[in-house]
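Chains as they are written, first to last, in our numbering: chain S, 1 to 435; chain D, 1 to 315; chain Z, 1 to 176.
Errors might be hidden in some of the hints.
[As the list claims (entries may be wrong)] Straight-line distance between alpha carbons at most 16 Å, and here's what the computed EDC-like set of lysine to aspartate or glutamate pairs gives:
(1) S/Lys203 / D/Asp233
(2) S/Lys9 / S/Glu38
(3) Z/Lys158 / Z/Asp9
(4) Z/Lys158 / Z/Asp143
(5) D/Lys35 / Z/Asp114
(6) S/Lys246 / S/Asp296
(7) D/Lys34 / Z/Glu118
(8) D/Lys34 / D/Glu24
(9) S/Lys360 / S/Asp173
(10) D/Lys34 / Z/Asp114
(11) D/Lys87 / S/Asp173
(12) D/Lys87 / S/Asp272
(13) D/Lys147 / D/Glu288
(14) D/Lys87 / S/Glu67
(15) D/Lys35 / D/Asp51
(16) D/Lys147 / D/Glu60
(17) D/Lys87 / S/Glu38
(18) S/Lys398 / S/Glu38
(19) D/Lys35 / Z/Glu118
[Claimed, not checked] Here's a subset of chain S near chain D, in silico, CB distances under 7 Å, partners left out:
(20) Glu193
(21) Gly194
(22) Glu195
(23) Leu202
(24) Gly204
(25) Asp315
(26) Cys316
(27) Trp318
Derived by calculation from the structure, the hints in this document are not laboratory data.
Where is the CB? At the ideal position from N, CA and C, for every residue including glycine.
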Amino acid sequence: MTTSHYILKNASILGGAKSDLYIADGIIKEIAPNIIHEGATVFDINGSIALPGLVDLHTHVREPGREDSETVLSASKAGAKGGFTALSAMANTSPVADTAGVVEQVFRLGQEAGYLNVFPVGAVTQALEGKQLSEIGAMADSVARVRVFSDDGFCVSDPLVMRRALEYIKKFDGVIAQHAQEPRLTVGAQMNEGEVSAKLGLKGWPAIAEEAIIARDVLLADHVKSRLHICHVTTAGGVEIIRWAKARGIQVTAEVTPHHLLLTDDLAASYDPIFKVNPPLRTQKDVMALREALADGTIDIVATDHAPHSSESKDCEWQEAAFGMIGLETALSIVHKTMVQTKLMDWQLVADRLAIAPAKIGRYDAHTKGLTVGAPAHVTVINPEKSWIVDRDLVLSKSRNTPYHGIELPGVVTHTFFNGAATLIDSSVVSKVVN
Amino acid sequence: MKHLLSISDLNAMQAISILDTASELARISDGQVKKLPTLRGRTIVNLFAEDSTRTRISFEAAAKRLSADVINFSAKGSSLSKGESLKDTAQTLQAMGADAVVIRHSASGAAQRLADLEWMSGSVINAGDGTHEHPSQALLDAYTIRKHLGKGSRDLQGVRVAIVGDILHSRVARSNVLLLTLLGAQVVLVAPPTLLPVGVESWPVTISYDFDAVIAQVDVVMMLRVQQERMSDLFFPNSREYSRYFGLNSERMSKMSAQAIVMHPGPMIRGLEISADVADSARSVIVEQVSNGVNVRMAILYVLLAGGPLEMVTN
Amino acid sequence: MSVALSAQDISRALMRISHEILERNHGSSNIVLLGIPTRGAHIAQRIAKNISEIEGREANVGTLDITMYRDDLRLRPPRSIMPTSIPASGIEGKDLILVDDVLFSGRTIRAALDALGEVGRPRTVQLAVLVDRGHRQLPIRADFVGKNIPTSQNQSVKVLVSEVDGIDEVLIEGGE
């Protein structure tokens, strides 16, 4: 079947010993020193680090509905550029992904693009309204085989709806990914509630609004013995609750976004809505707690919450602006900066938090085996010695709302392989994926 | 200094020189001179995306007394009420050659956005942005306090000021806390706990929930407007209970020290935060605040517009 | 940098100007001196003191700030507004003598005439300056001059007075 096969020479496997990697027939065929194969394309990566292809559990691809700000294709290319081989398309599209028809459409668009696996996330409730359950079973049984369900953007705030959803998905080993935000405590909220919001006169978004839902939902998950995933944890208090729940054996997993590992609420002082995001940027104390929790496994994964927005929805007053920032292309560099350079994590843990663990939570079985012989060839190569300066005019996403414009970040993703095909070569996304 | 967006743009000397300039302008306008040629040929746009007759008129009078051309651009009937973005409006103003824009907007930070994004090249003067700041109001309040209680000093060292009411939603309170403390005054905020922002502990003020314990201790009682809709947002049970604990009536006023004054940025809700007899009493300087406002705003326009982008020279 | 006038030179020049003012106006009964801040105001005070001593009666003296009337505000940093004080006699029908330290382009005096127009209508307006350095840009001349100092455009003339600067001196800087 294969027309192209590759040898990655001198790869530091998960940041460890150097070896060669032979990729053919869509799988990792061989990991050994000095591999030679007639006709194989050879990339000597000269000590760069080989990781399992990254998996994002939280991506807004905007298609269908807002193709002006992102499409499945553009998100796929941005993903390949950032080292991703799978992403999870959030359900808050237009129409909402609350039926088998929509999730199958998104899934097929991902296959047609061919840069990575696009796994649709199904809505928990119809139209994300938090009232009636959506066709969860039909989505699970569809071609897209949906296992992750989320109303992300909105919290499933009604405890009875949340309980029923948690129970219902047990039928097929699904997981509810909760956007933890108590709606009554966050009416009109604009940024983290604290000293900065008091000074800026922006309506506060208390940490408790997130923590109260996390606390309630871990108890619900315990009661009905189902799987709960907490999206984008941002507070030190939330971390404490999850740590407690895990100690009790509750089936809860959690994610943190790259931006919450780095940025803090004082950036809002510019009133530049590029820093406006849901959930909001918190304090330095929270950032440090999140880093520690990611390192010790209390927080299981990094997920981007890549949220593209057109320029007009950011080029305005803070309170009028949309929430969200893009993140696929910068995620690995931010983790490098906040977790690896600080010596909180090594590359082996990075591989777990950004590839293996998210794939396990989503039941994306083709992505759970890592860099092992015989595994599907999803491989990401990062040169940790090089750095780059983020330029919003050069991003592959259709939107340019990155908070890192002009900032120098460490670590350059040079190659990405998806199912044995090169999607990124020397940091350039291939114009067409050739299998 | 190009813009006036927040009191934090000013250091103490700059704030004092604005007050001094306002004092001299007051002397000029108290005499026969009603109009100065200083800003002849300059265009000042009043961009009011939120209703505020008194602030707009005050800035308009100030600009006209300095011979500037004034264009009023108010929310009703303007493109801002038709969903046009702030950016497009600013670019329109730029095309019209505005040397300065006085902006009132319901969004906190709108003035700073206008200044930062280089949508236009003129000066931006914040005439109240959301629940953030209202620097010209604070300057006129400081001016009024200095006039009554400054004892000839240029700053407000040793003056004790109580700001009473809805601190949480008040841009007047935020600007006054910054300015009055910058000038050496001691500020105490008096409000129900629901109407104080989380994070207020970091402000250079003291906090009290007990108006009666504070009122005899201060030289200035600055009352803030309380909007009726706060009641439905559960900030306090009803207006009667609010008045009982945080309103200023003649009985409470009688506990004030001999020289103490009563201030209010307006518009007042008589009977809620302030009773009619207090508002009209001899202690009340509320009407004077309005007339001082014109001189202070003249001083602001002068400092921002009269020269190049250089710092104020004090000779 | 060179010293054009010493303290003694300044004192002598101001005494001479005081006498000339009295001579021209037939005594001090109808005159009002208005100095232009900062240094012109101090020079006006000294002339007034001379005149009071010569005449044995207080001369009318005040200050006139012209900051808000300048036509070159855009070209220079904003200046603090200085006090204007008109003596109780007023200026209506008076022989008014404007006093400044240096006469250069004439724009300050033009602004002063505009400012005066808002205050009242004197019978005559005269001008006394300590130094006339030439380079007029407007049809304005001084009636009483302490010293004519021909300068080049790129030189600057600095008048120091003891009330502000701790010393009485006129300096010429730059433009060799």
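Task: Restraint status (C-alpha distance of S/Lys360 to S/Asp173 at most 16 Å) - done: holds, 12 Å
- [ ] Could you grab the alpha-carbon distance between D/Lys35 and D/Asp51 and see if it respects the 16 Å cut-off?
- [x] violated, 27 Å
Task: Proposed proximity, S/Glu38 with D/Lys87 (alpha carbon, max 16 Å) - done: violated, 60 Å
Task: Pair hint outcome, D/Lys87 versus S/Glu67 [Cα-Cα no greater than 16 Å] - done: Violated, at about 24 Å.
Open item on the list: For S/Lys246 and S/Asp296, compute the direct alpha-carbon distance and say whether it is at most 16 Å.
Closed with: holds, 12 Å
- [ ] Would you check the hint for D/Lys34 and Z/Glu118, treating anything up to 16 Å between C-alpha atoms as holding?
- [x] OK: D/Lys34 and Z/Glu118 at ~9 Å, within 16 Å.
Task: D/Lys35 paired with Z/Asp114 [C-alpha distance capped at 16 Å] - done: At roughly 12 Å apart (the allowed maximum being 16 Å), Z/Asp114 and D/Lys35 satisfy the hint.
Task: Restraint check, 7 Å cut-off on beta carbons, for S/Trp318 near chain D - done: holds, 5 Å
Task: Pair hint outcome, S/Lys203 versus D/Asp233 [Cα-Cα no greater than 16 Å] - done: The hint holds at about 14 Å.
TODO: Let me know if the C-beta of S/Gly194 comes in closer than 7 Å to any C-beta of chain D, holds or violated.
DONE: holds, 5 Å
- [ ] Could you grab the alpha-carbon distance between D/Lys87 and S/Asp272 and see if it respects the 16 Å cut-off?
- [x] holds, 13 Å
Open item on the list: Min Cβ distance, S/Gly204 to chain D: is it shorter than 7 Å?
Closed with: Holds, because the Cβ-Cβ distance from S/Gly204 to chain D comes to roughly 6 Å (cut-off 7 Å).
Figure legend: structure checked against the earlier numbered hints; hints not met, in rising order: 4, 11, 14, 15, 16, 17, 18.
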